[in-house]
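**Q** Residue-level listing of the chains:
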Amino acid sequence: MSDPGEALASAKAAADRIVRAKRLNASLTPSKELRQSLTRQAQAAHPSGVLYGMPVAVKDNICTLEFTTTCGSKILEGYRSPYEATAVAKLKAAGALIAGKTNCDEFGMGSSTEHSAYGRALHPFDKTRVPGGSSGGSAALVAAGAVPAGLGSETGGSVRQPASFCGIVGIKPTYGRVSRSGLVAFGSSLDQIGVFGRSVHDAARVLSVISGRDPRDSTCEARDSLRLPTVPESLQGFVIGVPKEYFPPDLAPAVRRACDRAIRLLKELGAAVREVSLPHTQYAVPAYYIIAPAEASSNLARYDGARYGPRFDGAVDVGALYRTTRGEGFGPEVRRRVLVGTYVLSSGYYDAYYRRAQQMRALIAQDFRNVFDRGVDLLFTPTTPTPAFKAGEKLDDPVAMYLSDIFVVTANLAGLPAMSLPIGRVKGLPIGGQLIGQAFLEDEMIEAAYALERVVPAAEDT
Amino acid sequence: MTPAGGWETVIGLETHVQLRTASKMFCGCSAAFGAPPNTNVCPVCLGLPGALPVPNEQALKLAVRAALALGCTLHPKSVFARKNYFYPDLPKGYQISQFEQPLATQGALSYVSPDRGLTTASIVRLHVEEDAGKSLHDRFPKETAIDLNRCGVPLIEIVTGPDFRSPPEARRYLQTLKQVLEYAGISDCDMEKGSLRVDANVSVRRAGETALGTKTEVKNINSFAYVEKALTVERDRQIALLEGGGVVAQQTLLYDSKTNGVRPQRSKEQSHDYRYFPDPDLPPLALTEEFIAQQQAQLPELPAMKRERFMTQYALSVTDADVLTGDRAVADYYEAVVHAGADAKLGANWVINEVLADAKTHEEQLRVPPGALAQLIGLVRGGTLSQQAAKRVFAEVAERGGEPRNVAEALGVVQVADSGVVSGWVTEVLGAHPQEVVRYKQGETKLMPFFVGQVMKVSRGKADPKLAQRILEEKLPA
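Taken in order, these protein sequences are the chains called W and Y.
Taking my numbering, the leading residue of the first sequence gets 9, the next gets one more, and so forth.
Taking my numbering, the leading residue of the second sequence gets 18, the next gets one more, and so forth.
Derived by calculation from the structure, the hints in this document are not laboratory data.
Small disclaimer: the values here were computed from a predicted structure and weren't measured.
Treat the hints with care, as some may be off.
Said to hold, decoys possible - Keeping only pairs whose Cα atoms sit at most 25 angstroms apart, straight-line, the calculated DMTMM-like set for lysine to aspartate or glutamate is:
(1) Y:LYS236 to W:GLU241
(2) Y:LYS159 to W:GLU241
(3) Y:LYS94 to W:ASP325
(4) W:LYS275 to W:GLU401
(5) W:LYS275 to W:GLU241
To be verified - Sample of chain Y residues facing chain W (criterion: CB under 8 angstroms; computed from the structure):
(6) ARG99
(7) ASN101
(8) ASP290
(9) ILE309
Built from N, CA and C at the ideal position, the CB exists for glycine as well.
This is chain W alone, in the form it adopts within the complex:
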């Protein structure tokens, strides 16, 4: 696409589709504002860009100049960032159109997009179910066909898990591959912007555009942007590990069947498949639920009503201003995690919780290195233990909600690239398979995904 008229047509069509998908509550941008902005952007978009005219929906915890950035929270209601995220700037420079902001769990804290101050997002195939989270809005819009691609963010699986639930591709790159500048921080050592696409190629080309060095983020590696691999003829020469800890006895049978089929297909493609062990996997969820809240308790301290965002007033002194603003501005899940994080960092508890969690994290990362050092190129696992669950099902049981991320948090803790792609369905609900790669070797992971995507009957019930 390089004709300016085509970009306008694409913008208009995307706006129509997003507005039609309104019942999903996936987009947070008012329809009129969305249409106007998309038109303006299409007129201004650079025709030579590699994503010229491609509408990309952006999770609402990524700063944009065009739209408000609320992080799904009341505490940032109406907040307009004076600058835009590097990833967004790169998308625009490549000619893409920012197709509004998408619903998410507040500050990325949740696995169902139910913890949003702006109402829950719905699963595009079954409105009684959740689209996953926290990037559920972007995932639902892509799955509903409203946009070809979307940006999400991960702290503990928040792209891969909704991609799996919604039956699309979700990639979380290596920590440091994409700049975090403009991504509103949740757990800074884990956070990474990720991408959704209806195909591996769509997701990968968006990832390629947003990746690469950024002088505004000290944790972003000084590397060139990701080079897209070609679709391989076979997976001859690939060694794919299957970690036994990711196939527990209580894994949903349909998920197991879909994975078994995908593994068979990988073998048929020429890959050597080996069972491997990542013995510290069981510590991942507990370590994650110490480290992420600890960092969050500090990252979210800035929302105090003093400088921006709504001020829940009537306060007589600054302490009361903080209490009312934070007490009313944050939802229950955010308050829970801020409290947990504050507790685990407190003097007297730091060593028992935070320091030990970091030690566990190091062991988990070492597990992966051990496997990769023994010649394994990639790992294949289920993305989630079950397909999309019912709305409300886990809302009152935080631990059950946390456990839906059991297979995805490890890649965040170890900083590794990982992705989910659809590998089948059960009763119409998508099932995702996960590939975990070696640091900064996203190209190998994407190659394998290309190959698997071509042969797997993703839309068929297993």
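Based on the hints, put chain Y in the right spot on chain W.
**A** Just chain Y now, with coordinates in the frame of chain W:
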């Protein structure tokens, strides 16, 4: 200064020093003092959602130089940590500092104690951090105004051991520290502008005790003079308390210079649990040996070494060398004067007596360029200018500039060494004072200075006095 009753004072100091950089510690905003409120700010130092810190390399260089100047052990890997607390002038809700793994530890600074002579204070740690903003409680009635210009300005914190035994000793250490940091171009160390701030830990114990007494922390000390006053007040308070049978409570005290007293910080402001943890936005700070060596090479000669060198190289007294090396700009100025050809001893006299006196009344400006001063000193030495005339020329050059030689001519103060001209002035003087001539001829030779003075007067100071005397002696046969 020693307290009565066999008490010993124990003081340790924590000094915050603002690094002399153009921009802030983690963003590109100007670090300049005095801009209109909230104008030197950006998403990073305002702590806006999604903004990330990127370390200022110049600040790191200066911090490393400070550690080297203070003889510290630099750690090849140090870690930025978040110090979490809520305050309106702290927009992120945490300050980026260093905690478990600071930039440097185990340094030392020698200083001349007024009580004990040459003494060494131990530097326990030196770390890098960012400054907070300012809360202004007196701008608007009943409201607090926040100025975030200072937010994110680079600081180092220098912590000593409990090494000082009297308030004057603590003050002398601080002066020496300031001298070293100014010398190395690390900081302006201007207490009034807040670029050097000091908190003190104070305790007392009976002489001979080895265990430390309970300490208090004294904050809000805003000038060098107050350092001594605040510490003395607190020491005396503790002694009076203990002698009255009381105990010292471990607490933070604020010094009030108006009342010269201390008061406890409100309990609300106390007992913070800062929940320090490594800042995940910043990778550990790795220092290569090469980087450290480069900073070492950038360090100038420090004051103590320079003083020694001045004494041997320029044959100066310890007093003169001390005055000349007290400030790096003055030392550099003096050396430039000597390099421009001035005699070292005369140069030292001129700098100490004239240049520094002039600077004192002119905002510490060294107004006469070193080349000009060297020329002026040469003119006196060569007999072209009298000492008196030279001072006039100095003042003129300081005020309006110009070459001393030209200025002297314009002022008409160049000495006349033409014997014909001087002879004419001598004849004029002798003709005007016949009685004195008679008295001289009768043996009153002590009148010679009178005649010379008259020649100088007639010549309006231009006559070379030595030549005038010689001609007078010729014309006034005894």
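**Q** Now look at each hint and say whether the structure bears it out.
**A** Here's how the hints hold up against the structure:
1. Distance check on the hinted pair: LYS236 of chain Y and GLU241 of chain W sit about 72 angstroms apart at the alpha-carbon level, beyond 25 angstroms; violated.
2. Between LYS159 of chain Y and GLU241 of chain W the alpha-carbon distance is near 74 angstroms, which puts this suggested pair outside the 25 angstroms criterion.
3. A distance of roughly 42 angstroms separates the Cα atoms of LYS94 of chain Y and ASP325 of chain W; the hinted pair therefore is violated under the 25 angstroms criterion.
4. For the given pair, LYS275 of chain W sits about 37 angstroms from GLU401 of chain W by alpha-carbon distance, which is inconsistent with the 25 angstroms threshold.
5. For a cut-off of 25 angstroms, the pair hint linking LYS275 of chain W to GLU241 of chain W stands: about 13 angstroms separates their Cα positions.
6. Against a cut-off of 8 angstroms between C-beta atoms, the interface hint on ARG99 of chain Y holds, since the closest Cβ of chain W lies about 5 angstroms away.
7. A cut of 8 angstroms between beta carbons decides the hint on ASN101 of chain Y: the least distance to chain W is about 5 angstroms, and the hint holds.
8. At about 5 angstroms, the closest approach between the beta carbon of ASP290 of chain Y and any beta carbon in chain W falls short of 8 angstroms, and the interface hint on this residue holds.
9. Interface restraint check for ILE309 of chain Y: the shortest CB-CB distance to chain W comes to about 21 angstroms, outside 8 angstroms, so the restraint is violated.
Figure legend: structure checked against the earlier numbered hints; hints not met, in rising order: 1, 2, 3, 4 and 9.
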